[in-house]
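Can you build the whole structure from these sequences, using the hints too?
Chain by chain, the residues:
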Amino acid sequence: MAKNDVKLLGVWASPFVMRARISLNIKSVNYEFLEETVGSKSELLLQSNPVHKKVPVLIHGDKPICESLVIVQYIDEVWTSGPSILSTDHYDRAIQRFWAAYLDDKWFPAMRRIRGAQGEERQELVDQVVEGLALLEEAFGKYSKGKAFFGGDQIGFIDIAFGSLLGWLRVTEKLGEVKLLDEAKTPGLVKWAESFCADAAVKSVMPETEKLIEFSKLLMAKMKGAPPPKN
Amino acid sequence: MAEEVLLFSTWFSIYGRRVEMALKLKGIEYKFIEEDLTNKSPSLLKYNPVHKKVPVLVHNGKPVAESLVILEYIDETWKNHPILPKHPYERANTRFWAKFIDEKCWPAILQACWGKDQKEREKAAEELSKLLQFLENELKGKRFFGGETIGLLDIAGNTIGYWLGVFEEAAGVSELLTREKFPKLFNWVNEWLSVSAIKENLPPRDKHVAFMRLNGQGFWDDYNASK
Numbered sequence: 001m002a003k004n005d006v007k008l009l010g011v012w013a014s015p016f017v018m019r020a021r022i023s024l025n026i027k028s029v030n031y032e033f034l035e036e037t038v039g040s041k042s043e044l045l046l047q048s049n050p051v052h053k054k055v056p057v058l059i060h061g062d063k064p065i066c067e068s069l070v071i072v073q074y075i076d077e078v079w080t081s082g083p084s085i086l087s088t089d090h091y092d093r094a095i096q097r098f099w100a101a102y103l104d105d106k107w108f109p110a111m112r113r114i115r116g117a118q119g120e121e122r123q124e125l126v127d128q129v130v131e132g133l134a135l136l137e138e139a140f141g142k143y144s145k146g147k148a149f150f151g152g153d154q155i156g157f158i159d160i161a162f163g164s165l166l167g168w169l170r171v172t173e174k175l176g177e178v179k180l181l182d183e184a185k186t187p188g189l190v191k192w193a194e195s196f197c198a199d200a201a202v203k204s205v206m207p208e209t210e211k212l213i214e215f216s217k218l219l220m221a222k223m224k225g226a227p228p229p230k231n
Numbered sequence: 232m233a234e235e236v237l238l239f240s241t242w243f244s245i246y247g248r249r250v251e252m253a254l255k256l257k258g259i260e261y262k263f264i265e266e267d268l269t270n271k272s273p274s275l276l277k278y279n280p281v282h283k284k285v286p287v288l289v290h291n292g293k294p295v296a297e298s299l300v301i302l303e304y305i306d307e308t309w310k311n312h313p314i315l316p317k318h319p320y321e322r323a324n325t326r327f328w329a330k331f332i333d334e335k336c337w338p339a340i341l342q343a344c345w346g347k348d349q350k351e352r353e354k355a356a357e358e359l360s361k362l363l364q365f366l367e368n369e370l371k372g373k374r375f376f377g378g379e380t381i382g383l384l385d386i387a388g389n390t391i392g393y394w395l396g397v398f399e400e401a402a403g404v405s406e407l408l409t410r411e412k413f414p415k416l417f418n419w420v421n422e423w424l425s426v427s428a429i430k431e432n433l434p435p436r437d438k439h440v441a442f443m444r445l446n447g448q449g450f451w452d453d454y455n456a457s458k
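From first to last, the protein sequence lines stand for chains Y and X.
Going by the numbering used here, 122 is the number at position 122 of the first sequence; the sequence numbering is gapless.
Going by the numbering used here, 281 is the number at position 50 of the second sequence; the sequence numbering is gapless.
Hints are supplied without guarantee of correctness; some may be wrong.
Said to hold, decoys possible - Partial selection, computed: residues in chain X whose CB lies under 8 Å from chain Y: (1) 281; (2) 319; (3) 327.
Keep in mind the hints are simulated off the structure, nothing from the lab.
Beta carbons: idealized from backbone N, C-alpha and C, even for Gly.
What follows is the structure, encoded as structure tokens:
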């Protein structure tokens, strides 16, 4: 199978799509980015991901791979000449997979719900997210061993899983008027976030926060049935 | 160094049973520690401080949590009877469907059994049928999802192979996985139940059904509250 026949179906605003793009960048893989139109799903998307009908979908040769973390691991296992995304040690890999699952199953869903929540429920969600960040700060201290990333000198699996969510974290902070990533409480993570966003594999695919904010407002307005705000 | 493998779990834990199946399949000796979830042990809280849940595998003092993570760890540590395929595409496929079972099938099963009214339960059952159809198609002509022998997806498939039936019986709802509707999946269940690493690691059925009659509603309520 030709290694250079790679397509990625995605949208610019999706953190999950970003994970795939960062991984492809780390491995220096040339790929064609097929941007889906927000609000509609292409034939190709429906065919390649009939189960979820969602992006990202990586199409390698003619084979589709779905689910962002599955895609990242696939990329790591196929393009072995580039830097490793997952650790070579199987225990460390288990730790990496654990934290990625935590982010997707617990932390991000709680964070997403903050803006739509009110009162006690909202406070509970904020508390959960902040507690989660404290756990992640501790994990960062342990696994980075003084280096810039969870993966050490280079971006690894946890960096990708977590860093891809930073854009939407900032949107929540701005529009939700709440401080989540706090230099006083999680100084390691604040510094890590800077390093992550500045990394060559990330820079070109990290959406600008302002753009995400506008996009988020549009989405919220659509959901409420109001006309979209004028740009 | 002497190998020490501990498994913190419960007799009724669907995820813990997966770990036991993999350990038994590979002939790994381990010590099972039954947790009382209403009174969690200090060890459990130490080994899984993030979730405080079972199962947790502790290998030579190092804890691993989350059943699918544990299964991959076991496969990478003990190389006999591999449960993941070698080819990256097939591995991706296995991971995809394991996630599908946990993220889509599990809540649909809970809702089909313990949704708040008949309408909600019937709707969930319809959704579950669609999900089962995907798995039916994925089996193709194979004996197991893993091919000729069971693999990770067959183990994660315990949700479908056994838990689905127990929950339906406990909730008093009709069986979805019939030979007429899902012939391949039906066949798979029979093959699956004949594998000793599987059948010797299922909870005792009557006890399990009785337990779920009491606790099923709570399972669904908890799941709902977390989303």
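The hints, checked one at a time:
Restraint check, residue 281 of chain X versus chain Y: the minimum CB separation of about 6 Å is within 8 Å; hint holds. With its C-beta approaching chain Y no nearer than about 4 Å, residue 319 of chain X sits inside the 8 Å limit, and its interface hint holds. Look at residue 327 of chain X: its Cβ gets to within about 5 Å of chain Y, closer than 8 Å, so that hint holds up.
The structure shown violates none of the earlier numbered hints.
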